[in-house]
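A.B. asks: Using the sequences provided together with the hints, build the complete structure.
As given, the protein sequences belong to chains A and B, one line each in that order.
All residue numbers for the first sequence refer to my numbering, where the first residue is 9 and numbers rise by one.
All residue numbers for the second sequence refer to my numbering, where the first residue is 276 and numbers rise by one.
Since the hints were made in silico from the structure, they are not lab data.
Computed from a predicted model, the values in this text were never measured in an experiment.
Be careful, since some hints might not be right.
[Stated by the list, open to error] Pairwise CB distance ranges (calculated):
{"hint": "1", "chain 1": "A", "residue 1": "K263", "chain 2": "B", "residue 2": "A333", "range": "51 to 61 angstroms"}
{"hint": "2", "chain 1": "A", "residue 1": "G302", "chain 2": "B", "residue 2": "G377", "range": "48 to 58 angstroms"}
{"hint": "3", "chain 1": "A", "residue 1": "K263", "chain 2": "B", "residue 2": "G308", "range": "23 to 33 angstroms"}
Built from N, CA and C at the ideal position, the CB exists for glycine as well.
Take a look at the letters that make up each chain.
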Amino acid sequence: MRRLLTAAAMAWLPAAITAVTWAAWSAELPGQLATHWNGTGSANGYSATTTFGATLLVIGILAGCTALAAAVTAARADRGAPPSDSTSVTAASDQSAARRAYYSRFVLAAAGSVGGAAAGIWVATATATLANPADARLGAGFLYFLMGLAWGVAVWAVAGRAAYPLPELSPAGEPLDLSPTERAAYTTTLRSPLITAVLGTGAAVVVVVALTLDAGFWLVALVPLAAAIVFGRIRLTVDRRGLRLVAGLIGVTVKHIPLAEIVSAGAQEINPVEWGGWGYRVVPGRSALVLRAGPGLVLYLTDGRRFAVTLDRPQTPAALITALQTRIHN
Amino acid sequence: MLLRVDVAAAEPLADQIAAQVRGGVMRGDLTPGERLPSARELAEVLDVNLHTVLRAYARLRDESLIELRRGRGAVVRGDADATRLRLAELAREFVREARRQGLEEAEMLAMVREAQP
Numbered sequence: 009m010r011r012l013l014t015a016a017a018m019a020w021l022p023a024a025i026t027a028v029t030w031a032a033w034s035a036e037l038p039g040q041l042a043t044h045w046n047g048t049g050s051a052n053g054y055s056a057t058t059t060f061g062a063t064l065l066v067i068g069i070l071a072g073c074t075a076l077a078a079a080v081t082a083a084r085a086d087r088g089a090p091p092s093d094s095t096s097v098t099a100a101s102d103q104s105a106a107r108r109a110y111y112s113r114f115v116l117a118a119a120g121s122v123g124g125a126a127a128g129i130w131v132a133t134a135t136a137t138l139a140n141p142a143d144a145r146l147g148a149g150f151l152y153f154l155m156g157l158a159w160g161v162a163v164w165a166v167a168g169r170a171a172y173p174l175p176e177l178s179p180a181g182e183p184l185d186l187s188p189t190e191r192a193a194y195t196t197t198l199r200s201p202l203i204t205a206v207l208g209t210g211a212a213v214v215v216v217v218a219l220t221l222d223a224g225f226w227l228v229a230l231v232p233l234a235a236a237i238v239f240g241r242i243r244l245t246v247d248r249r250g251l252r253l254v255a256g257l258i259g260v261t262v263k264h265i266p267l268a269e270i271v272s273a274g275a276q277e278i279n280p281v282e283w284g285g286w287g288y289r290v291v292p293g294r295s296a297l298v299l300r301a302g303p304g305l306v307l308y309l310t311d312g313r314r315f316a317v318t319l320d321r322p323q324t325p326a327a328l329i330t331a332l333q334t335r336i337h338n
Numbered sequence: 276m277l278l279r280v281d282v283a284a285a286e287p288l289a290d291q292i293a294a295q296v297r298g299g300v301m302r303g304d305l306t307p308g309e310r311l312p313s314a315r316e317l318a319e320v321l322d323v324n325l326h327t328v329l330r331a332y333a334r335l336r337d338e339s340l341i342e343l344r345r346g347r348g349a350v351v352r353g354d355a356d357a358t359r360l361r362l363a364e365l366a367r368e369f370v371r372e373a374r375r376q377g378l379e380e381a382e383m384l385a386m387v388r389e390a391q392p
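C.D. replies: Here it is, written out as structure tokens:
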């Protein structure tokens, strides 16, 4: 509780810094600030000091308010959440409290980052103009912005960790009926029109930005394109060697879990919120390839972690893994 | 889809693999346009000889069930028809049984003709 309030207070600090420095520098600051910089760090855009400062101050204050609200939510949720070392199956209400406790801390830290970044932009801009009003240079001022962003990490650390909400454990299904002389494998192609469309749109937006504003953005377009190539079509294979995910378009193995590292396999409803979102997710204690909400295959691994992948009729690969497992152990 | 072959069974492995793919199309596990694993991949996962899988794929291609393209692997044909497939399966069964009973091709054809109302 106290830690959460301290964290919320910390999230207000950037707004305070903006207000105090603005007051201190107001006499020296000109009516216009250099606020846009080209790749080499010299100014190519200007804004009115009052509008620019006020905008950043308002962002800082909004971030502070958000942080306070998140801290209160987290404190309330903590009272309803199961203890943080609990790994057992817990009631649904405890689950939702654990989820709120986790995500409100995330919002708290994000608010710290946003507020910090706003203050960082203010300090960087103002100091650049103060240093040389005639020819303002961004120079190392960029570091203020990064420091501001990193402030969220400090807020996160002070807020303390909440146990990540655990989805329910699922029992291992019935093994596939496999005779000793039989060889079996499961193979399927996973597609995600949604993720591909989102990434494609992202790449298109970046290209438009590159064409209209800054040619340097061309390289940024490669990121969503590369992701689309990896996630566009994925082949999932289960065989005597274990589970393998291969990026279908380029044939690169993105994940391989040997059969010996799998303790058990089950089918389960995958709620993207519980697994950290869409795409390839890594959260404490587990990782997943989440392409949609719905049925998925969940593997329990020997190191205590879990791996999940969303696919239709996950009972089939689960039963195959269970059968192959029995074969190893007998 | 699930693929399983029995190395101890009398039926050749290539026939078993082809039957599995046919079954997948009939059950709807494999939909038209769906890409099958490459022959090399399938040979690896099932731990069988590459030529066995190639033989199975060639047969499925001859049955107009899949398309084989260099570099693109095997793709279930858009016109792969589950009902027609079922018919072909029955015909194969008929031929197998007729052979076992010592019937010649002409006699089989005659039986099919007689079966028409």
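A.B. asks: Look at the Cβ atoms of A/K263 and B/G308 and judge whether their distance stays inside 23 to 33 angstroms.
C.D. replies: holds, 25 angstroms
A.B. asks: Are A/K263 and B/A333 spaced within 51 to 61 angstroms by their CB atoms?
C.D. replies: At 32 angstroms between Cβs, range violated.
A.B. asks: Starting from the hint 48 to 58 angstroms, judge whether the C-beta atoms of A/G302 and B/G377 obey it.
C.D. replies: Between A/G302 and B/G377, where Cβ atoms are some 54 angstroms apart, the hint holds.
Violated hints amount to a single one, hint 1; each of the other numbered hints is respected by the structure.
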